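Residue numbers (UniProt numbering), protein chains in the order written: chain A, 1 to 330; chain B, 1 to 330.
Note that these hints are calculated values from the structure, not bench results.
A few of these clues could be false.
Identical chains share a label here; the pair holds if one copy fits it or two copies do between them.
With a cut-off of at most 25 Å between alpha-carbon atoms, the simulated SDA-like pairs for lysine to any residue come out as follows [stated by the list, open to error]:
1) LYS282 - GLY250
2) LYS44 - TYR113
3) LYS123 - GLN166
4) LYS282 - PRO126
5) LYS44 - GLU119
6) LYS282 - ALA121
7) LYS282 - GLY238
Since the structure is predicted, the reported quantities are computational estimates derived from the model, not experimental observations.
There are 2 protein chains.
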Amino acid sequence: MIRTLPLALPLSLAALVLSLPATAQDAPSPNQVVAEANAEEWVKIAPEDLLVMTLAPDRDGEAREVVIQLMPEPFSQGWVANIRTLARAGWYDGISVNRVQDNYVVQWGDPNYDNPEAEGAAKPLPDGLRVMDESDYVDVVRAAEPGDDKIVLWHPRPDLRDIYAQIATFAKGWPIGIETTQDTKAVRRWPVHCYGMVGVGRGMSPDTGSGAELYTVIGHAPRHLDRNIALVGRIVSGMEYLSSLPRGTGDLGFYTSEEADERTPILSIRVASDLPAAEQPKFEYLSTAGGTFLRYAEARANRRDPFFIMPAGGADICNIPVPLRAAPAD
Amino acid sequence: MIRTLPLALPLSLAALVLSLPATAQDAPSPNQVVAEANAEEWVKIAPEDLLVMTLAPDRDGEAREVVIQLMPEPFSQGWVANIRTLARAGWYDGISVNRVQDNYVVQWGDPNYDNPEAEGAAKPLPDGLRVMDESDYVDVVRAAEPGDDKIVLWHPRPDLRDIYAQIATFAKGWPIGIETTQDTKAVRRWPVHCYGMVGVGRGMSPDTGSGAELYTVIGHAPRHLDRNIALVGRIVSGMEYLSSLPRGTGDLGFYTSEEADERTPILSIRVASDLPAAEQPKFEYLSTAGGTFLRYAEARANRRDPFFIMPAGGADICNIPVPLRAAPAD
Numbered sequence: 001m002i003r004t005l006p007l008a009l010p011l012s013l014a015a016l017v018l019s020l021p022a023t024a025q026d027a028p029s030p031n032q033v034v035a036e037a038n039a040e041e042w043v044k045i046a047p048e049d050l051l052v053m054t055l056a057p058d059r060d061g062e063a064r065e066v067v068i069q070l071m072p073e074p075f076s077q078g079w080v081a082n083i084r085t086l087a088r089a090g091w092y093d094g095i096s097v098n099r100v101q102d103n104y105v106v107q108w109g110d111p112n113y114d115n116p117e118a119e120g121a122a123k124p125l126p127d128g129l130r131v132m133d134e135s136d137y138v139d140v141v142r143a144a145e146p147g148d149d150k151i152v153l154w155h156p157r158p159d160l161r162d163i164y165a166q167i168a169t170f171a172k173g174w175p176i177g178i179e180t181t182q183d184t185k186a187v188r189r190w191p192v193h194c195y196g197m198v199g200v201g202r203g204m205s206p207d208t209g210s211g212a213e214l215y216t217v218i219g220h221a222p223r224h225l226d227r228n229i230a231l232v233g234r235i236v237s238g239m240e241y242l243s244s245l246p247r248g249t250g251d252l253g254f255y256t257s258e259e260a261d262e263r264t265p266i267l268s269i270r271v272a273s274d275l276p277a278a279e280q281p282k283f284e285y286l287s288t289a290g291g292t293f294l295r296y297a298e299a300r301a302n303r304r305d306p307f308f309i310m311p312a313g314g315a316d317i318c319n320i321p322v323p324l325r326a327a328p329a330d
Numbered sequence: 001m002i003r004t005l006p007l008a009l010p011l012s013l014a015a016l017v018l019s020l021p022a023t024a025q026d027a028p029s030p031n032q033v034v035a036e037a038n039a040e041e042w043v044k045i046a047p048e049d050l051l052v053m054t055l056a057p058d059r060d061g062e063a064r065e066v067v068i069q070l071m072p073e074p075f076s077q078g079w080v081a082n083i084r085t086l087a088r089a090g091w092y093d094g095i096s097v098n099r100v101q102d103n104y105v106v107q108w109g110d111p112n113y114d115n116p117e118a119e120g121a122a123k124p125l126p127d128g129l130r131v132m133d134e135s136d137y138v139d140v141v142r143a144a145e146p147g148d149d150k151i152v153l154w155h156p157r158p159d160l161r162d163i164y165a166q167i168a169t170f171a172k173g174w175p176i177g178i179e180t181t182q183d184t185k186a187v188r189r190w191p192v193h194c195y196g197m198v199g200v201g202r203g204m205s206p207d208t209g210s211g212a213e214l215y216t217v218i219g220h221a222p223r224h225l226d227r228n229i230a231l232v233g234r235i236v237s238g239m240e241y242l243s244s245l246p247r248g249t250g251d252l253g254f255y256t257s258e259e260a261d262e263r264t265p266i267l268s269i270r271v272a273s274d275l276p277a278a279e280q281p282k283f284e285y286l287s288t289a290g291g292t293f294l295r296y297a298e299a300r301a302n303r304r305d306p307f308f309i310m311p312a313g314g315a316d317i318c319n320i321p322v323p324l325r326a327a328p329a330d
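Model the full assembly from the supplied sequences, consistent with the hints where possible.
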């Protein structure tokens, strides 16, 4: 179809319209792109890397289960090991969600640890935890290669790919920031704070986070926390049970002692591989190294499915969530 | 204090450390910067620009009031006028929150309008509404000046200020995107989709949004909606009553007909200037043209208050929320 453009249309806009595919109205949405992925592009998550967090039932008696994926190497492995140790010691059983700060984080742990509303003594931690420091959170690779995956974050201007890092991209299914230090040619890489990412709460000193206090992001990506607090994973299922909790009215969104009954009890946190096979949740993510993910990222950056009239021309890394799904039965 | 840096520290990091103020550990947080603003830097919001939305009380009988600020000229004035017309006709009284999609939007309106779960006929709209089109949402200024305010979004590299627009900045207290078209020297400006912004729901065609269906952002900024759906305001108080609602399990987060009792009733929406003086909410925002806002934006981009060990070096516009507060008594 040949269209005659109105004469008053600015040339730059005309160029944009003309560069769209002729079938723009039938362009697939990002979800439709993902639905077309081959089975081989979905990567199964090992049960050792999944945590099952069981919250107390809600007011209507409905069960609430949250599944968390722990990060693979090379990131945050000391904390990840601590979290498995804490889960296997049963340490998390009986703790609670103590902080819900709107447009920021939900935090769970011991209500008497580092809480402005603490009323008793902190729960003793089990033996065998490693003392970690924030510097262990950033991976330093002595090579010019930026990662295991291709850099896929789509933007017509590479220098506009990210505001918080030289490059933001995806590696092994995770959103990461990258910087190259000029003098050493070392590459520094770190996971970034997108919605649903899980991190390690800590005190003022960077070596005070054990993995006993955890949080997840429930608002706009607080990227200023990148390289300041260690990320250890992400929520893969049940996010809505955390993001919809009532907000705390105390300092930093902690529930005050008057609101103590708002603290959602955590009945247990288990490593999925420790559960009977039939009870193990099975999830997978779309490989971020495949062609489908590249097309998905491009579709997120330039929505051309029917609702949209103006493609954005770019997308920030946290606006390209890595697709996750329950694994189909074998 | 003179520090000896370890020899292994990369030079670029050393330079960063040395460029911090000597009193880095005492640097104020963004909130502390805002607390130091002079009274003249706070701008009162006119009662004509505030809506009071009263939700039904929660399960514990607690009242839930949400206050919305409507946008000033030049943006979206046709929809803003429609919203006042709808409020004054009592049209919103008895509608409900019909859609809560995690990490995206909460939407309220007629449960039988453009809802995959509709069960009855749509509620007739009052007379006097303007038919608006998305092209009325973008302001085109025939001048080289980008706005009324100075451009204050801090970043050491101006070309890294935004991923979705040539420039993202603030004007009259609102976050906006700016693009200059090369051929006409016209400046195109539009408000952007940050957390808590309020927009006009519409169908597939860009002229189908009247202002009867409204939504607010409850997750990571969906900037791909910029210039695709008209923004008309933002939540200034009571956001937590919307963001913590249970998520809908239907298509696009709509509550299914089986979940119809999850739809939160909206008892009324009133223009604040129509209320008795004693019942009018009073709010103000920090001028985005003043020196305090510039220092606040810089502090958001480079956190140096005690918890932080690595300033980000930049911030995206939605990570610099415009400070809002209840106005002190006269």
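Outcome of the hint check:
For a Cα distance limit of 25 Å, the shortest separation of LYS282 from GLY250 across copies, 23 Å, qualifies, whereas the shortest one inside one copy, 37 Å, does not. Taking the shortest Cα distances, LYS44 and TYR113 never come within 25 Å of each other, neither inside one copy (35 Å) nor across copies (41 Å). Taking the shortest Cα distances, LYS123 and GLN166 never come within 25 Å of each other, neither inside one copy (41 Å) nor across copies (52 Å). In this assembly of identical chains, the alpha carbons of LYS282 and PRO126 never lie at most 25 Å apart, being 29 Å within a copy and 51 Å across copies at closest.
Taking the closest pair of Cα atoms, LYS44 and GLU119 never come within 25 Å of each other, the shortest separation being 43 Å inside a single copy and 40 Å across copies. In this assembly of identical chains, LYS282 and ALA121 lie within 25 Å of each other by CA distance neither inside one copy nor across copies; the values are 38 Å within and 42 Å between. Taking the closest pair of Cα atoms, LYS282 and GLY238 come within 25 Å of each other only inside a single copy of the chain (14 Å); across copies the shortest separation is 38 Å, beyond that limit.
Of the numbered hints stated above, those contradicted by the structure are hints 2, 3, 4, 5, 6, listed in ascending order.
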